[in-house]
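Protein chains in written order, with our numbering: chain A, 1 to 384; chain B, 1 to 384.
Calculated from the structure, these hints are not laboratory results.
Because identical chains share one entry, a pair is satisfied inside a single copy or across any pair of copies.
Straight-line C-alpha distance at most 30 angstroms; calculated DSSO-like pairs for lysine-lysine:
id, residue 1, residue 2
1, Lys295, Lys285
2, Lys28, Lys286
3, Lys28, Lys44
4, Lys44, Lys217
5, Lys217, Lys83
6, Lys88, Lys111
7, Lys28, Lys269
8, Lys87, Lys111
2 protein chains.
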Amino acid sequence: MRCVYLDNAATSRHKPNSVIEAVNNYLKNIGCSPGRGGYECSLKAGRIVLETRLAVAEFFNVPNPEQVIFTHNITHSLNYAIKGLLKKGDHVVTTSMEHNSVVRPLRSLEKRGIIGVDFISCDDTGMLNPEDVSRAIRDDTRMIVITHASNVAGTLMPVREVAQIAQKHNLFFVLDTAQTAGVYDIDFQELNLDVLAFTGHKSLMGPPGTGGFAISKRAAREMVPLIEGGTGSISDREYQPDFLPDRFESGTMNTPGLAGLKAGIDFIKEVGLNEIRGHELALAKKLIEGLEQIKGVRIYGPRNINLQTPTISITVEGFDTGELSFVLDNEYGIMTRSGLHCAPLAHRTIGSFPEGTLRFSIGYFNTEEEIDYTLECMERIVGR
Amino acid sequence: MRCVYLDNAATSRHKPNSVIEAVNNYLKNIGCSPGRGGYECSLKAGRIVLETRLAVAEFFNVPNPEQVIFTHNITHSLNYAIKGLLKKGDHVVTTSMEHNSVVRPLRSLEKRGIIGVDFISCDDTGMLNPEDVSRAIRDDTRMIVITHASNVAGTLMPVREVAQIAQKHNLFFVLDTAQTAGVYDIDFQELNLDVLAFTGHKSLMGPPGTGGFAISKRAAREMVPLIEGGTGSISDREYQPDFLPDRFESGTMNTPGLAGLKAGIDFIKEVGLNEIRGHELALAKKLIEGLEQIKGVRIYGPRNINLQTPTISITVEGFDTGELSFVLDNEYGIMTRSGLHCAPLAHRTIGSFPEGTLRFSIGYFNTEEEIDYTLECMERIVGR
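Input sequences plus hints: build the corresponding full structure.
Below is the structure:
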């Protein structure tokens, strides 16, 4: 049977060979803990971490590589930002299109009486009106946290406008780039970001178990580290170091994963962001146009590749999305994701709660022919 | 040049081939995100995580696999235990031989006025007197947290006695098994543990970026999750689920790493804990006895393989340990770790602060011949 992977919003698949080789090379030929011993091999491992840090800093235009922190995944990064920066009495502005990695930490702090939160309602295509953000700012507002693009409907958020609002009111600005890093240009300095949270294993092409965040100097001064412990630095002290990146990185890192992440970023640089985005969006356009021709299909989100990522959510009249997803996989080898995608608020916003949607998410390795095949199969299932 | 790896207390090297193959197999042939979609391949990835959970539960005799939580590394596990369980006004008893992964979170909570801590002084071999633990218990004591063995001097702690004290006073008992899991028998139920923190990449033979903890039901009920977000479960809810393991696992896991960890545990089961421990301790005995013959060498710790792990710290009269470590690597290809090993309190305890020690740490892949060679080289360097 054919095998068409359309779940790239969950993780990119498969990784470039160079990524798999980099992981393998670390495990086979290096295998030491980085930078905590003076011997040659441990310095080699330390160099891998440093090179990955430099690559991430360059990729997002972060002024200094030490402002790049590595974490287990982007959920950890967002928790560090939210729980590490917010204090009792703070108010936060966010959107109704957020993933649970933002919603749950915020709801948790709110429930414990620590913060107040406003979830700005987006329209039913998932679009945020920046004026609504402006209107929600209060005297005690201290942070704006938004996703760069919805993981459900693909909707791109007006980040530039929101960045200006954050800057005008001198607020921390936290951006969740889970769905965009590796496809769209993201400039840490231009957006005046305080925290740019990224995942390594989606469009950055790295392995799972990688991610992190870039942090502004002012946010770094205020952020309380959620995790403390051995850093290999100032080992004579019983307190966490106060310098970057050590302040926010404790314990042994996922060095093989970081070796893979570096190779992933190299791959993207070699192909070029424009080429990647152009390819993915062309396929998304084809898929949207094809789905629009199929009777009973409802497409959520902007339905316009200038306003969205190549992630497309649908429902089909008379079909259960879970069943549809199962048939696509089981009978045709097409892998999609159905349900609520860890984003209940987003589904409420676009009107697909609690049933959820069937989500197609396109990646760089998908082909035009795969989209044709997917459309054919959809016709066959829905038409029968 | 020869290559003798004696830094196994930092990470085991190299991993068994089956571990590298398991990581590779996931990246090449699976590559999906686990269990969050209904398609076959994502279920396969979910099965990998489940099988690893089952393997860890069986290995440590944890009653239910859902009581096994995976984290980025053991430092994260210890932070979850300490920061997730302790509340304002609590008192904690720990030892002077702890790693900074325990010391720093405790010092941080203490500094913020949240908890009180007593660091029980161990003797200059690193040995803990359980009666001192008993004496330190106060009415407001809520937790005992100790390392199973020192990462500096190898000293094994009297865990059974401490377990009884914890049980008698109805305290949370948290054990750091970074230096022992995969070499010594550790029985979660027999020790009546509340949190058994483990690392995946040391003697459990898994890749870096793996670790976790086993948690008792009573501790799970009280532990506040430090990280919250998408769990792939009850996605209709804006709050963290309250069931295990999801309550403490958010975001995409290091699935390739966990595939490797499963293979590592399988490797240990195949060889047998007794065989592994016997081999390592025989080499440690040889190394200790050999070092005792070299003029000017001072060996720290128990110097008795019944009372310690195969980790041996030394200083040499007239030599800087950093320089010694460098010469061992540079001229003879012997990899050791010098300095304070992220454990300043432990070095104070054994009398090697602030200079630190040179640490040899033996693993299963070391050979008798390598120990002979190391002793020869030490003779040559120190004697010249």
